[in-house]
Amino acid sequence: MVAEVAGAFAQVLGTPGPAVVGTDGRTSSPAFGRVAAGALSASGVEVLELGVLPTPAFQYSVPRLGARYALVVTASHNPPEFNGIKGIAGDGLEIPPEAERAIERAV
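Heads up: the sequence shown begins at 1 in my numbering, then just goes up one per residue.
Derived by calculation from the structure, the hints in this document are not laboratory data. From the three backbone atoms N, C-alpha and C, an ideal C-beta is built for every residue, glycine too.
Here are the computed distance ranges between Cβ atoms for each label pair:
id	residue 1	residue 2	range
1	Glu-81	Gly-17	31 to 41 Å
2	Ala-3	Phe-82	15 to 25 Å
3	Gly-14	Pro-80	26 to 36 Å
4	His-77	Pro-16	28 to 38 Å
5	Pro-80	Gly-44	31 to 41 Å
Turn these sequences into a full structure, and let the hints steer you where they fit.
Encoded structure:
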């Protein structure tokens with residue numbers, strides 16, 4: 001599922017320019033982050049892996065690194081047994097709702 005979502009990110013948000021991939025500190029996050037990075041790379045996206053950082057650090061980093069977007073493996077405030085994927089646009093804000101819906105449809 002992680003690879004499918006990452007592939008949908010590449011399809012909807014495009015492949016030119018790098019994409020940031022990173023995770024939170026949940027046990028499952030590093031493995032999911034590697035899968036996401038591999039799927040983006042297989043889709044032709046240059047991947048910048050930043051490792052484990054809080055979400056605001058990714059939001060700060062994306063525009064400063066000139067990245068097109070970020071895919072962050074995190075479930076935010078939810079219990080540790082859950083995980084998810086958060087999209088950050090090139091300006092450091094959330095990806096637009098229409099892009100999020102297109103990613104959901106593509107999965």
